[in-house]
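Novice: Spelled out from the first residue to the last, the chains are:
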Amino acid sequence: MGDWKTVTVPVLPSDGKNIFQYTSERRISSPGMNSQVLRLPLPSSKSMHTFFSAFCTEENIEQSLSYLDRELTTLGFPSIFAEPRGRELNLISVINCMNELLVLQHKNLRAQEEVEMQHLKLGSDMDHLQNCYAKLKEQLELSKREIVGLQERDRQLQTKNRNLHQLLKNEKDEVQKLQNIISSRATQYNHDMKRKEREYNKLKERLHQLVMNKKDKKIAMEVLNYVGRADGKRGAWRTDKTEARNEEEMYKVLLSDFEQRQKQLLVENAELKKVLQQMKKEIISLLPPQKQKPKERSEDGPVLSDLEEDIGELNKENMWELSCETVREQLTNSIRKQWRMLKNHVEKLDNQVSRVHSGALNDKDVISREDHELETEKLELEIQQCKEMIKTQQQLLQQQLMSPCDDDTTLLLQDCYLLEEKERLQEEWRLFREQKKNFEKERRSFTEAAIRLGLERKAFEEDRGAWLKQQFLSPDQDNRLAKSASRQRKPHCLSSPLSAESWQQTPQSITNNSAASTPPARDSKPNQWEESEGEETE
Amino acid sequence: MNFSELFKLTGLLSRFSPNGKCLASCVQYRLVVRDVSTLQVLQLYTCLDQIQHIEWSSDSLFILCAMYKRGIVQVWSLEQPDWHCKIDEGSAGLVASCWSPDGRHILNTTEFHLRITVWSLCTKSVSYIKYPKACQQGIAFTKDGRYMAVAERRDCKDFVSIFVCSDWQLLRHFDTETQDLFGIEWAPNGCVLAVWDTCLEYKILLYSLDGRLLSTYRAYEWSLGIKSIAWSPSSQFLAIGSYDEKVRILNHVTWKKITEFEHPTTIANTKTIVYKEVEKSPSAETERLSLPPSRASASSWFSTQSKYDISQVPVSLHHIKPVADRANPKIGVGMLAFSADNCFLATKNDNIPNAVWIWDIQKLKLFVVLEQLSAIQSFQWDPRQPRLALCTGNSKVYLWSPAGCVSVQVPMEGDFQIVSLSWHSSGDSMALLSKDNFCVCYLEREEV
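First to last, the protein sequences are chains A and B. Per this note's numbering, the very first residue in the first sequence carries number 745; after that it's consecutive. Per this note's numbering, the very first residue in the second sequence carries number 95; after that it's consecutive.
Among these hints, one or two may not hold up.
DSSO-like mimics (lysine-lysine), calculated; alpha carbons at most 30 Å apart, straight line [said to hold, decoys possible]: (1) A:Lys948 <-> B:Lys218; (2) B:Lys180 <-> B:Lys102; (3) B:Lys218 <-> A:Lys985; (4) B:Lys102 <-> A:Lys948; (5) A:Lys946 <-> B:Lys163.
Calculated from the structure, these hints are not laboratory results.
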């Protein structure tokens, strides 16, 4: 649009006739306005003179002034004359009016600018909208055409689908029909067959009658002599008993067959149960112990352990002989649980491995691997060291063997390796011999004690026998004597009555060792030997 | 392997005696009994007409010779060659004849399956079983010979009667839920009877010895069903071969299918060994040429040697497409046999006629496939060890064992096309039968 130049328009007296022409050639303002009202676009400086001189000339100054005054007052400005209907100009008001007019002019110019800008904007908006509208219209057309096309296709496909359904139905109907035909033909054939068969049966009956009539003439068996039965027995009459026997035989055959099969099944069952047991044990052994932690399987843990216990008990009781439902179910359930746990464990391991392969940073895994590597390095170092040590040892040994030295030194050298051991052994031998001597002593004392005890026992028995005799023969007198005697005896050999009873109850068997170690004199009194041992332990 | 010379034979009638000492063979109307080890003629009997069927009694003392055209059965005794017995069915006709397990009764099935007559060699009594079923396997004896099951049909319904063989008393009589019973077979333990339906319906019923229905098995509907069945020697498994080229194995505990064996024309599993018979070009050993050429060498010139090669998997087998609109098409598993130790099952799929499939029963997997150059005629397991002998209509006999397989040319002059074979009960020898001749082959202990 270009910049509007604010031109200070000087009031110049100049040839102004052209103004009217100029302005009338310009745009036509609104018809309501007076033709004398000027609309001022930017006039060029050349036309300035003509413009400004056209309105007021020397002849019509008063008229121009009065006209101006009229216009200004109608526009709301104060009058330019000092007094109304006067002839003297109020210069101040004229200047004010001019200023006002300028301001107004500016305002109008601005407003005009704005309006024209807006006008242009609107015009461009309109263009834009029209373009959009045109495009959208085009698009709408296209879409409509597309829709129509798709609808057409959809319709075609639907008809095709319907046709195919129809074909399928037709085929199915045909199949059904054929089947019906087949079945009806089959029944027809059966019926015909039956009819023919009946006829045939009738013929057969007739023939049979004819044959039976001629029976006595031709149908016979000629045999030189009758043969004995295969099993050598005589033929038997057919009676009810034989019938019953036959039934019995048949049932026996069936029963034996069933029993055989049941046995086979039992054996198979037992084997399978054994295999299951084994599997269970192996699964348990495969599972790592931390899987049994209660925090991971709180609900399964105690249950499992209970089951384990129960099944453990059952295992002890020859489980494969029990075949009741609950036991069977328990076994299979426990195996299933174990197997599930093992499967989870293996899956976890797989995940771990895959994570390690993919290089994900999981502290445990990474550290474990590093640890692993460190460990291997350490172990390798150790191996190196050990190898070196072995080498040095070997070298030393070689030197020892190879170095030439006289017999004494070699003997000494050989001995010095074993010296310590020899001394230790000798110590031990000494100790052993001492202990042996002690044992011998003790044994001798024991045997002597045993002999003594034996003698005492003998004496006691004799006394007892005598006392009993006395008691039986003379009951009154000797009671007191016997009592006193028994009381005397009691403190003397405290343990002997008790041990006598124990002797009689213990079996008369000696272990081989004791028999071998005791001297021959002991064999005659085995009980005493045991008794003495009993004493020792007590 | 030693081969005996050729002997004349008619009708593929050559049977080893149950005690393994004798071999009976028929030539037209003569019955020749030979000693097994020396093949010397022990006895020679002459029958009244051409013999159609011979059978040894269980104690190897008697042989029956059945002549269906004349309706006569003649029984010969080995101990007393003078003893004779002739059973004449006369106008009733004769369709089948067999011994009872005790070796003293003969069961004759009259024409049109009118009745089964039980003739006794010990007494003069005769028993009749009415309404027997006209099917392939209508009579079945248990292995211990105690019970006999007979399939019957009355009023268009199938029944099974169980008789006690010692006194021919009827033990049980029950109806079966079959459309048209095709066959019955006892399990080796004698406690279960398998009854199966015609090939139009896939249905197999298992009955206990006392007549209770234990289980029914149906694999599918509408398509052709069961073609052949076989019990395993321990009665643990029942193999069912069907027209859909599959073998289904049922187990004896639940009578449910435990596995299916398929017989595809292409074998892709790398763990299967495929032995393919290939012809070896006969080596012309020029130093041995002699004029005039001896008979033996002449035959060896013209007969091609063959050997087995291991084919690399995947292998595509030669198969034929059966004619679609004929009855009893050559499709499906038609031959089934378990080995004596229960470890292997040999099968033949009829539309892959040149191959024998050997399945490992312990692993329930295909173990070996033997592909021959011509169609398999018959195969039979050794009764003692896991060894399979098979013949394909040429003069070779093929043996397979887990150690390997071998193709043996029978050194015979002239044409000897082996159509059937049967093992001796000891597993040391076997009889190789052709249309007109037979020979006995002796195997050494260290053979394959």
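Novice: Between B:Lys180 and B:Lys102, does the CA-CA distance stay at or below 30 Å?
Specialist: holds (25 Å)
Novice: Holds or violated: B:Lys102 and A:Lys948, Cα atoms, limit 30 Å.
Specialist: violated (40 Å)
Novice: Would you check the hint for A:Lys946 and B:Lys163, treating anything up to 30 Å between C-alpha atoms as holding?
Specialist: Cα-Cα ~25 Å, so holds.
Novice: Verify the proposed pairing of A:Lys948 with B:Lys218, using a straight-line Cα cut of 30 Å.
Specialist: Given that 30 Å is the threshold and the Cα spacing comes to 27 Å, the pair holds.
Novice: Checking one constraint from the list: CA of B:Lys218 to CA of A:Lys985, max 30 Å. Satisfied?
Specialist: The given pair, whose Cα atoms are some 23 Å apart, holds under the 30 Å limit.
Consistency with the previously given hints fails for number 4 only.
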